[in-house]
Amino acid sequence: MATNAYAFDFLDQKREAARLTYSLPLSERTVTNLVRSAAERFGDRPFLHFKGEVWSFNDVDRKANQFAALLAHLGVAAGSKVAIFLSNSPGGGVGWVGFGKANVAYVPVNNDYAGDILAHQLGRADVSAIVIGDEFIGRVQHVKDRLPGLEILIRVGEKSEEAVNGFRCVDFDLFDQFLATDPDIAVFNHDPHAIAFTSGTTGLSKGAVAPNGHAVTFALDTSRTMSLKEGEKIYNSGMPLFHSLATWMGILPALITGSEYILVEKFSASRFWPDIHAFGATVALGVFTLPPILLKQPPREDDCRSPLKRFIVTQQNDEFEKRFNGCRLLNAYGQTETGCVTLTPFDEEPRRGSCGKVNSETFEVRIVDEFDHECAPGVAGEITVRPKHPFVMMTEYYNMPAETVEAFRNLWFHTGDRGKLDEDGYMYFVDRKKDAMRRRGENISSYEVESVVNRHPKVLESAVIAVPSPFGEDDLKAVVIPQPGEKLTHEELWDFFDENMPRFWVPRYIEFRDELPKTPNQKI
Numbered sequence: 146m147a148t149n150a151y152a153f154d155f156l157d158q159k160r161e162a163a164r165l166t167y168s169l170p171l172s173e174r175t176v177t178n179l180v181r182s183a184a185e186r187f188g189d190r191p192f193l194h195f196k197g198e199v200w201s202f203n204d205v206d207r208k209a210n211q212f213a214a215l216l217a218h219l220g221v222a223a224g225s226k227v228a229i230f231l232s233n234s235p236g237g238g239v240g241w242v243g244f245g246k247a248n249v250a251y252v253p254v255n256n257d258y259a260g261d262i263l264a265h266q267l268g269r270a271d272v273s274a275i276v277i278g279d280e281f282i283g284r285v286q287h288v289k290d291r292l293p294g295l296e297i298l299i300r301v302g303e304k305s306e307e308a309v310n311g312f313r314c315v316d317f318d319l320f321d322q323f324l325a326t327d328p329d330i331a332v333f334n335h336d337p338h339a340i341a342f343t344s345g346t347t348g349l350s351k352g353a354v355a356p357n358g359h360a361v362t363f364a365l366d367t368s369r370t371m372s373l374k375e376g377e378k379i380y381n382s383g384m385p386l387f388h389s390l391a392t393w394m395g396i397l398p399a400l401i402t403g404s405e406y407i408l409v410e411k412f413s414a415s416r417f418w419p420d421i422h423a424f425g426a427t428v429a430l431g432v433f434t435l436p437p438i439l440l441k442q443p444p445r446e447d448d449c450r451s452p453l454k455r456f457i458v459t460q461q462n463d464e465f466e467k468r469f470n471g472c473r474l475l476n477a478y479g480q481t482e483t484g485c486v487t488l489t490p491f492d493e494e495p496r497r498g499s500c501g502k503v504n505s506e507t508f509e510v511r512i513v514d515e516f517d518h519e520c521a522p523g524v525a526g527e528i529t530v531r532p533k534h535p536f537v538m539m540t541e542y543y544n545m546p547a548e549t550v551e552a553f554r555n556l557w558f559h560t561g562d563r564g565k566l567d568e569d570g571y572m573y574f575v576d577r578k579k580d581a582m583r584r585r586g587e588n589i590s591s592y593e594v595e596s597v598v599n600r601h602p603k604v605l606e607s608a609v610i611a612v613p614s615p616f617g618e619d620d621l622k623a624v625v626i627p628q629p630g631e632k633l634t635h636e637e638l639w640d641f642f643d644e645n646m647p648r649f650w651v652p653r654y655i656e657f658r659d660e661l662p663k664t665p666n667q668k669i
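With this note's numbering applied, the sequence shown covers 146 to 669.
Among the hints, a few may not be true.
What the hints assert, rightly or not - Distance condition first, Cα-Cα at most 16 Å in a straight line; then the derived EDC-like pairs of lysine to aspartate or glutamate:
hint: 1; residue 1: Lys-603; residue 2: Glu-656
hint: 2; residue 1: Lys-578; residue 2: Glu-656
hint: 3; residue 1: Lys-441; residue 2: Glu-410
Said to hold, decoys possible - So the derived label-pair ranges between C-beta atoms look like this:
hint: 4; residue 1: Leu-556; residue 2: Gly-523; range: 47 to 57 Å
hint: 5; residue 1: Gly-498; residue 2: Phe-333; range: 34 to 44 Å
hint: 6; residue 1: Ser-168; residue 2: Lys-289; range: 44 to 54 Å
hint: 7; residue 1: Glu-446; residue 2: Gly-523; range: 37 to 47 Å
For the record, the hints were derived by calculation from the structure and aren't laboratory data.
C-beta atoms are modelled at their ideal positions from N, C-alpha and C, and glycine is treated no differently.
Let the hints inform the model, and build the full structure from the sequences given.
Following this line, the structure appears as structure tokens:
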């Protein structure tokens, strides 16, 4: 792809760093094009950091070519589906972009998965090969009899090509023996880039088919949200590479802007700020639960000199921004299936409590009631989305036609989330439909109740859940993690609840724990 396919437009010169916006023709929005263009433009500049190792843009492009050659050697043809089952590592990044060069759809696997859900996803996606860490091989062996189509294990770790329980095994590092010549395989924006499984609201997890155009548009919209300029330093706070926040919202924006991408194995609150200062990171990636945890860390002498300027995706927090040198907390709303449905315009004052403004360049958005009638501004309902351009969001749930039709009923994609819009197009997230609770005839959002619980100075984090009520409907239970070293009583919390929330919100039960069960991407 020619370098001039990108149009750079510098705006707002009064800012310390000019805002950089990007345009890329829809037909050229492929992951392969981004990788090639980044290598052409940024060459041997540092790109990927991991545990002291540094790879340049050229390194990643070359290694992706070699990995694509390994896939061809193994008989994995364009259009095949190959899974990645790895902990965070450079190998995961190389495999991911190498699949793009080979026009192979990758299937990211949650590191916590085993048993039925693992067999369901690998089988449903027609996976024929898997790039797998040795620590996960036993889990795949356990479900081998349910995966007749899975034949090849590309092993990361153990140096062995011996078969494992009927599989053909090759060493991942074998790719280094192949020529780094670009395979020059035709890839289009409509070609599937990934099959990413999401839980949805009911039933079995569904594999969202994400075309190349979707992944790249997601990255372009994210870059616009963060107002990225060339040469940023983007810190992945431990988000796993099987999550779109780490890849489509992290790696691809770094390729677009010639930025450095700092990858760590997993989130550590105590390591976060030392890493930020050591790398000079200007952008951080993480989920909305992280800033409150970071804010409750002991103050550091260099808090007021943090180089971090933007943190995505999270909620506005004046205390955080004041303590950490004006770091801007950027909120957005989207899903794996959609991309950035709303975003916080960087040059506008954030709207308190909102998750940003409708991304009108890419989507139309409606809030609807249970019969799909549009709700008035300020009235909560289900968030529905429709793309303005082809192949900028998922095309289907793979091998699930009935679920696809249901999700796109009445020609709008139904997100399963509840929210509301104001008159100016700002959206306010309410809750997942499946997480909404009903008590004394009132609908209650666990998200909103947790926001109040977490404001108590002795609370580190919490989860509010529904439990059966002897009076019908739901009772509420707050599972609370106190701040380390703090003594917190039930009575203290209930007094705080009485002062800060409606009576029908007040949890009937409180349980204290040392920690909450979390997914690898830090969701409770």
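Each hint tested on the structure:
1. Lys-603 / Glu-656: Within the cut-off at roughly 14 Å; holds.
2. Lys-578 / Glu-656: violated (24 Å)
3. Lys-441 / Glu-410: The given pair, whose Cα atoms are some 22 Å apart, is violated under the 16 Å limit.
4. Leu-556 / Gly-523: 47 to 57 Å: violated (25 Å)
5. Gly-498 / Phe-333: 34 to 44 Å: Once the Cβ atoms are compared, 41 Å apart, the range 34 to 44 Å for Phe-333 and Gly-498 holds.
6. Ser-168 / Lys-289: 44 to 54 Å: holds (47 Å)
7. Glu-446 / Gly-523: 37 to 47 Å: holds (45 Å)
Checked against the numbered hints given earlier, the structure breaks hints 2, 3, 4 and satisfies all the rest.
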